[in-house]
Amino acid sequence: MKQAINHVVVPTRARGLYEVTHQILDWVSDQDIRTGLLTVWCRHTSASLLVQENASPDVRTDLEDFFRRLVPDGGQVRYRHDDEGPDDMPAHIRAALTQTQLSIPVENARPVLGTWQGIYLYEHRTSPHRRELVLHLIGTPA
Amino acid sequence: MKQAINHVVVPTRARGLYEVTHQILDWVSDQDIRTGLLTVWCRHTSASLLVQENASPDVRTDLEDFFRRLVPDGGQVRYRHDDEGPDDMPAHIRAALTQTQLSIPVENARPVLGTWQGIYLYEHRTSPHRRELVLHLIGTPA
Amino acid sequence: MKQAINHVVVPTRARGLYEVTHQILDWVSDQDIRTGLLTVWCRHTSASLLVQENASPDVRTDLEDFFRRLVPDGGQVRYRHDDEGPDDMPAHIRAALTQTQLSIPVENARPVLGTWQGIYLYEHRTSPHRRELVLHLIGTPA
Numbered sequence: 001m002k003q004a005i006n007h008v009v010v011p012t013r014a015r016g017l018y019e020v021t022h023q024i025l026d027w028v029s030d031q032d033i034r035t036g037l038l039t040v041w042c043r044h045t046s047a048s049l050l051v052q053e054n055a056s057p058d059v060r061t062d063l064e065d066f067f068r069r070l071v072p073d074g075g076q077v078r079y080r081h082d083d084e085g086p087d088d089m090p091a092h093i094r095a096a097l098t099q100t101q102l103s104i105p106v107e108n109a110r111p112v113l114g115t116w117q118g119i120y121l122y123e124h125r126t127s128p129h130r131r132e133l134v135l136h137l138i139g140t141p142a
Numbered sequence: 143m144k145q146a147i148n149h150v151v152v153p154t155r156a157r158g159l160y161e162v163t164h165q166i167l168d169w170v171s172d173q174d175i176r177t178g179l180l181t182v183w184c185r186h187t188s189a190s191l192l193v194q195e196n197a198s199p200d201v202r203t204d205l206e207d208f209f210r211r212l213v214p215d216g217g218q219v220r221y222r223h224d225d226e227g228p229d230d231m232p233a234h235i236r237a238a239l240t241q242t243q244l245s246i247p248v249e250n251a252r253p254v255l256g257t258w259q260g261i262y263l264y265e266h267r268t269s270p271h272r273r274e275l276v277l278h279l280i281g282t283p284a
Numbered sequence: 285m286k287q288a289i290n291h292v293v294v295p296t297r298a299r300g301l302y303e304v305t306h307q308i309l310d311w312v313s314d315q316d317i318r319t320g321l322l323t324v325w326c327r328h329t330s331a332s333l334l335v336q337e338n339a340s341p342d343v344r345t346d347l348e349d350f351f352r353r354l355v356p357d358g359g360q361v362r363y364r365h366d367d368e369g370p371d372d373m374p375a376h377i378r379a380a381l382t383q384t385q386l387s388i389p390v391e392n393a394r395p396v397l398g399t400w401q402g403i404y405l406y407e408h409r410t411s412p413h414r415r416e417l418v419l420h421l422i423g424t425p426a
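Each protein sequence line maps, in turn, to chains A, B and C. Residues 1 to 142, numbered by the numbering used here, are exactly what the first sequence covers, in order. Residues 143 to 284, numbered by the numbering used here, are exactly what the second sequence covers, in order. Residues 285 to 426, numbered by the numbering used here, are exactly what the third sequence covers, in order.
Hint data in this document are derived by calculation from the structure and do not stem from the laboratory. Careful: at least some of the hints might be erroneous.
[Unchecked claim] Distance condition first, Cα-Cα at most 27 angstroms in a straight line; then the derived DSSO-like pairs of lysine-lysine: (1) C:K286 <-> A:K2; (2) C:K286 <-> B:K144; (3) A:K2 <-> B:K144.
None of these values were measured; they are calculated from a predicted model.
Okay, chain A solo, but in the shape it has when bound (with noise of 0.2 angstroms):
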């Protein structure tokens, strides 16, 4: 049984999803594990994790409707919260209502995601960030 661990920055630009799954699946495969178990934490409250469709950029911008209807911004709604402005307190929200971590069976070196499954963090904050994941992996090489 062996084990591997990564950090991995991902910058965003803005409120929105950003894809991962690549990046994961590239280092997964690069170590000397066939079958595991991989684990993707963020480190981060205002950002956060989500397995979406990777097939249609319409369905992440139904998502993102859907989020910002449910949990407006500072302004529509009053929050104690707003050191940040008014997209602080509603990051919270957002990341408490979606995952901080993931964790995926590894077979054949790849996690086993199913066909549409992509990997997204979400950036819920309206200014760019450098956001951080912990990649974790434990398994065997055969």
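We have chain A already, so just place chains B and C on it with the hints.
Positioned in the frame of chain A, the structure of chains B and C alone reads:
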């Protein structure tokens, strides 16, 4: 340290919760691993996983009522992505709000679910589907 | 490769967020495992886990306000399942929208939480409860 992987197909008839607790517990108890970690991965973006009370069917009905109000089907709300019908995009949003993956510690060859906890596959589409879960178990025989 | 498991009881006084970060970090640092994966499992369907900012208490108040608006207690909305009172079914829905489980990579005997990340037990019932978490750690001493 050992590992085991299994692919499980769950046929669904319509939108709703399908309990998979017993299938999962049975598979875990059949492996030669008493102490470890079980991971369940759902290979879809329009179906997901949910841990819920397995005593009262009313809980499942109320939960479905809640999600139907929170994420209205197309027609009531306009979605860009509606290739597969009015339940297509709502299914992706419901999946984003629930879980694609669960990891549960295993003691005495049994995932440590609480007394009232059941594991459900949540079908978010209105038509029947064949859904696939991947189970991964890592641990030791003692 | 080694494993360790621990059961932790968290007494709650009322609805709200209870920080468990330090308890969890202390237990991890006491194990002889420097590199690995920590999993936290919540054995309930009316309490859950949340990763949130641990700097500002306003974040927790705004978060609770949000969930109270999103999932109104019985009386404002009619639920079938109300055996244990108007906060019974809302507790199940809030748990469904947050996390029952977290898995965090461990480096240098410490889960790789970001600077502002704290781990909270979210009590969704209005009365006091004794909640149980199961901690599982797998990894190596080096």
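Each hint tested on the structure:
{"no.": "1", "hint": "C:K286 <-> A:K2", "verdict": "holds, 12 angstroms"}
{"no.": "2", "hint": "C:K286 <-> B:K144", "verdict": "holds, 12 angstroms"}
{"no.": "3", "hint": "A:K2 <-> B:K144", "verdict": "holds, 12 angstroms"}
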